[in-house]
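**Q** Residue numbers (our numbering), protein chains in the order written: chain A, 35 to 159; chain B, 1388 to 1705; chain C, 17 to 248; chain D, 236 to 769.
Since the hints were derived computationally from the structure, they do not count as laboratory data. The structure presented is a predicted model; accordingly, all values stated were derived computationally and were not measured. Keep in mind that a hint or two might mislead.
No more than 30 Å apart at the CA atoms, straight line, and that leaves these computed lysine-lysine pairs for BS3-like [said to hold, decoys possible]: (1) C:Lys206 x A:Lys42; (2) D:Lys654 x D:Lys572; (3) D:Lys654 x D:Lys578; (4) D:Lys343 x A:Lys98; (5) D:Lys343 x D:Lys578; (6) B:Lys1420 x D:Lys654.
Covered stretches of chain C (in silico footprint by chain D; criterion: 3 or more residues with CB under 8 Å from a CB of chain D, positions within the stretch not fixed) [to be verified]: (7) 69-82; (8) 85-92; (9) 150-161.
Which chain D residues face chain C? A few, computed with CB under 8 Å, are given here [stated by the list, open to error]: (10) Lys337; (11) Pro342; (12) Arg414; (13) Thr421; (14) Ile440; (15) Val445; (16) Ala447; (17) Thr449; (18) Ala452; (19) His460; (20) Met478.
A virtual CB, placed ideally from N, CA and C, is assigned to each residue, including glycine.
Here are the chains, one letter per residue:
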Amino acid sequence: MVGHISPKSTYYAVFAALMVGTAITVAVAFVNLGSFNFPVAIGIAITKATLVVLFFMHAKYSSKVIKLFVGTAFFFLAILLGMTMTDVLSRGLKTYPGGAGGSGYGERAPRVPGAAPAASREGQH
Amino acid sequence: MASRVDNLYFFIVAVTAFFAVVVSVLVIVFAAKYHTKDPLAVGQPIHGSMPLELAWSIIPFLISIVIFAWAADVFFDLQRPPDQTIEIYSTAKRWMWKFQHLDGQNEINELHVPVGRAVKVTFTSEDVLHSMFFPSFRVKADAIPGRYSTVWFTATKIGEFHLFCAEYCGTSHSGMIGKVVVMEPAAYQTWLAGGAGAGSLSQRGEQLFNDLACNTCHRTDDTGRGPSLVNKFGAPVELANGTSVAVNEAYVRESILTPQAKLVAGFQPLMPTFQGLLSEESVIALVEYVKSLRTTGGGGPRTASEPSATAPATPQNK
Amino acid sequence: MGDAIAVRGGHGDAHAHHHPDLQHHFDTLEQQHEAATLGMWLFLITEVLFFGGLFLAYMLYRVWYPVAWAEASRELDIVLGAFNTAVLIGSSLTMALAVRAAQTGKQRATVVWILLTMALGFVFLVVKYFEYKEKFEHHHVPGPNFVFAGPEAGPAQIYFSLYFLMTGLHATHMIIGFFIMAVIAWMAHKKRFTPEWYTPVEITGLYWHFVDIVWIFLFPLLYLVDRAGHFA
Amino acid sequence: MASTPLTYLNHEHSVASWLLTKDHKRIGVMYLLVVTLAFFVGGLFATLIRLELATPAGDLLSNDDYNKMFTMHGVVMVFFVLIPAVPAILGNFVLPLMLGAKDVAFPKINLLSWYVFVIGFLFTVYAMVTGGVDTGWTFYTPYSSRASNSNVMMTGIGVFITGFSSILTGLNFMVTIHRMRAPGLTWFRLPLFVWAVYATSLVQILGTPVIAITVLALAIERGLHFGIFDAALGGDPVLFQHMFWFYSHPAVYIMILPPMGAISEVIACFSRKSIFGYSFVAFSSLAIAIFGFLVWAHHMFVSGISVYSALVFSFLTYAVAIPSAVKTFNWTATMYKGAIWLKAPMIWAISFLALFLVGGLTGLITAALGVDVHIHDTYFVVAHFHFIMVGGAVMGFFAGLHFWWPKITGRMYSEIWAKVAAIVVLAGFILTFGPQFILGYLGMPRRYHVYPDEFQVLNVLSSAGASILAVGYLIVGIYLIASLFKGEDAGANPWHATGLEWTTQSPPLPHNFEVQPIVTREAYEYGTQEVTVG
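So here's chain A without its partners, still in its complex pose (with noise of 0.2 Å):
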């Protein structure tokens, strides 16, 4: 029943890796890139990740339906976190010119000035 064995180097090669990923994430924190810090510090971390669950998980080694499980688990860790921000995020938009946004809710989008509200309180006077 012996399952896969690693030679030791691949432990050390893998943990040196980590290491410098773990010093690049800091490095990086400290670098104003705008908007691209999180995606950076994310993508560190999930390629930090991946390589703990191959090689130290042994998951490069192992049958396809643990494969399968682990891509199942991110897939559906995705789902919660996507689904949930498309109503986040599009919460503030618009639904029809010069209108109210969201579903009444929250943000609402800028009214035109001198649209036909405004135009027409005019002519009141």
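Add chains B, C and D to chain A, keeping to what the hints say.
**A** Then chains B, C and D, alone, in the frame of chain A:
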């Protein structure tokens, strides 16, 4: 709108009833026709049929697309108030609905509206979630603390109709009910004129504005320590952090309660917070006052009767 | 079931000479090992989604309140955070080597690597203790006594709520892992593991690596928000 | 047959032999006992609710007590009856038998699940007897975190703990199905119940941790005054709803998928032919489990989510309706040219079909955006989900229970009474929940203690139906218990069914099979040869 919702509803009921009847009849017919008392009898070895599987996957899907599209169309119109509405504000609180009319009337658990005119209610909650539900007008939206929600409707019949709280809110949830009184336009005008001793909503807001000394910084010209608020509502404004934001009810509310969250460009973060010092109703009065500060369209307080003088009543049941 | 079901082997003689660690309802050690690792992976899937709920809250509020996130994050000590990251990665290495030692039948090495892993885990928790202590002293613990200067106090309190929930749950997982490893080390000491059967070491390893992965994400998310001063 | 053959029931007798058992069959029976108790408790709350609603005024209970009644009814029924009913009772009992395995993959963890479940239940019961909880089973913030002064914490802890039971059971079954199948039992020879349990386990594993963290966050917000959903700090109460429904919508599939699996077994058996479209029924279970995770915000169309998001979730909801429709059509087609043997399990299955049909189709109405604005949080929704959860899940559970009861106990129940009970339950159910659709469309909101007079007639009908329903359930309890003492010996395979569980004696041996079964044929091959053994 109510009849559009009903039409859609009865359409879906008809479609689903059709499928329910077909399946039920088939089950009963099969059970009767192939019924046996011999426990060793064996049915015909039928394993399936690809054309049938495809048919009963694709046809229901197409039908549900039709339902989806129709329902989405109705939904968007339910979310979209017409340009000309009577604006009413409301605050939900355990366990009552407080309404503020532009002309200055306040009501609790009762809402007077004229027949045949679109009414838009903008509301928030002071405590927990509530939900403003007018079953007769087929509209509902949750009242959420810290946010403004809206519903709109056009009453087509004179009479009294239910107002319910539809989101569970504790002990007297089922007592958080009220009625909508739909009146003839003339009677409505009389009612409006009846109770406005304290002045209009924006006048009350102006009073607060002066009492709280907002006017020492927010002047009518740009000489104050804060930005002038004239003509600001409805337009985008540049913020100190370089972005811009639309000045709407939510933004005005946020700027009163947490002034430094979205600071206008060119101004110092000097304004104190009014979090916890103002009731939601006072905030609404201030919001309405800021809305009224405009030079186009005459300025001055808006009233419920104003739009009707210039715009035709909203067409019903479009 | 007539000819449908044939008799396979003697169920009885399979039991006659089986491995002492083979449970009765499995046919082979291999099947038992595969079942255990698959079970552990499934458990880790639930863990991903368990922390996932907090990541969701984190993501939403970070999008809404970038300034509060930037300001509150600067209250954390980046040196301690980075040090702990290195410690935990190191413990993952020692854990991987412990599994390898068990695979190759080196009993003493297994014990030593597990003890080393526990030691590193302990160091992590000690550092975490001092970080928490500092938060208490600065009134950065959410609740009635929370103090945070400036207009971002509200969202900053949400940040610290998430900080304590995320790191607290992570630390809880570490403490549980610490005790599991103590048992495993004792079993290894008693020479319970062989190259044929080292399943407990392997699944403990999977668990510990997962704890490491969670921290690999928590570190940049909590400590490294806007250190460059974009939202300063 | 020997006068007293060795069975899993009689090989040991002590209480400890039950409480420390690792036998999946005994654990299944122990779940049956606890769930029955919980069903009784939840039913008691339901009775009080329906009694109160017989009149418009709040004359039986105080408003706070009423609020606690519907909350505790929901909590008990959802977390302690519907979610464990079919997977933990029937799944535990028959799954290893169907696979030709000696036990589940992790028997100790299986026992642990039961204890975790009982501990969670005890916490919840403790919360109830020390004052109850009044947040609604949905625990919406900020009411649950700030306003309610009932036992929210204790109930939350109970639900949190029970969640782990559900996770461990799902995990156990999933590994069992992957690793413990008998030789020759390939994926496409599996009984459809196994497919359904597999899909359910997937939902349990992926969904339950999210409710666990949600409830935990809520408890910490309430207990330690953290702020995660707190609007006063700038938090989003709607986030709680997202997280809650990410689990709680798929949880509906935890409740309904295994009964669907049981129905597939029953309909194939009593039509005496292969299920129509085996692979479609099998994959529709997986499709429901996966698509079920994409639709949760249809509970939130008026909760303040964006209209675009609502659009997406509504569309996906229609997509998930299709696999359920496919199942229903396949069941109907299975009966075509069958040799239909109308025994009690089949009567229950047909009742399931009728009620599930209504429940599923009214789902199309609630998923329609424009209509849902009106019917959301009204009795229409209450009726809809009771048709799914009681009409579907509980009827399906009873169909399965009647099907496997002879296997579990080795005894036959009264056939006549079982049919009578099915009809009584069906009639009582329709009378209880049918009027609620109308009530809902007329605008009666849910969770109302007092209501306007005009709704009384329909409410009285509903309460009358509930009393018939209660009688129906009592009849079931009586004849099933009576069968234990007076029931005829069932024999190994009273229904002449296919499936490995019918090849061993009833009740089964302690280790299930005399010899390790090897499978050489497809599922539901009626007619190729007679399948009775012993």
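**Q** Against this structure, judge whether each hint is valid.
**A** Verification of the supplied hints:
no.: 1; hint: C:Lys206 x A:Lys42; verdict: holds (25 Å)
no.: 2; hint: D:Lys654 x D:Lys572; verdict: holds (23 Å)
no.: 3; hint: D:Lys654 x D:Lys578; verdict: holds (8 Å)
no.: 4; hint: D:Lys343 x A:Lys98; verdict: holds (27 Å)
no.: 5; hint: D:Lys343 x D:Lys578; verdict: violated (37 Å)
no.: 6; hint: B:Lys1420 x D:Lys654; verdict: holds (20 Å)
no.: 7; hint: 69-82; verdict: holds (count 8)
no.: 8; hint: 85-92; verdict: violated (count 0)
no.: 9; hint: 150-161; verdict: holds (count 3)
no.: 10; hint: Lys337; verdict: holds (4 Å)
no.: 11; hint: Pro342; verdict: holds (7 Å)
no.: 12; hint: Arg414; verdict: holds (4 Å)
no.: 13; hint: Thr421; verdict: violated (14 Å)
no.: 14; hint: Ile440; verdict: holds (5 Å)
no.: 15; hint: Val445; verdict: holds (5 Å)
no.: 16; hint: Ala447; verdict: holds (6 Å)
no.: 17; hint: Thr449; verdict: holds (6 Å)
no.: 18; hint: Ala452; verdict: holds (7 Å)
no.: 19; hint: His460; verdict: holds (4 Å)
no.: 20; hint: Met478; verdict: holds (5 Å)
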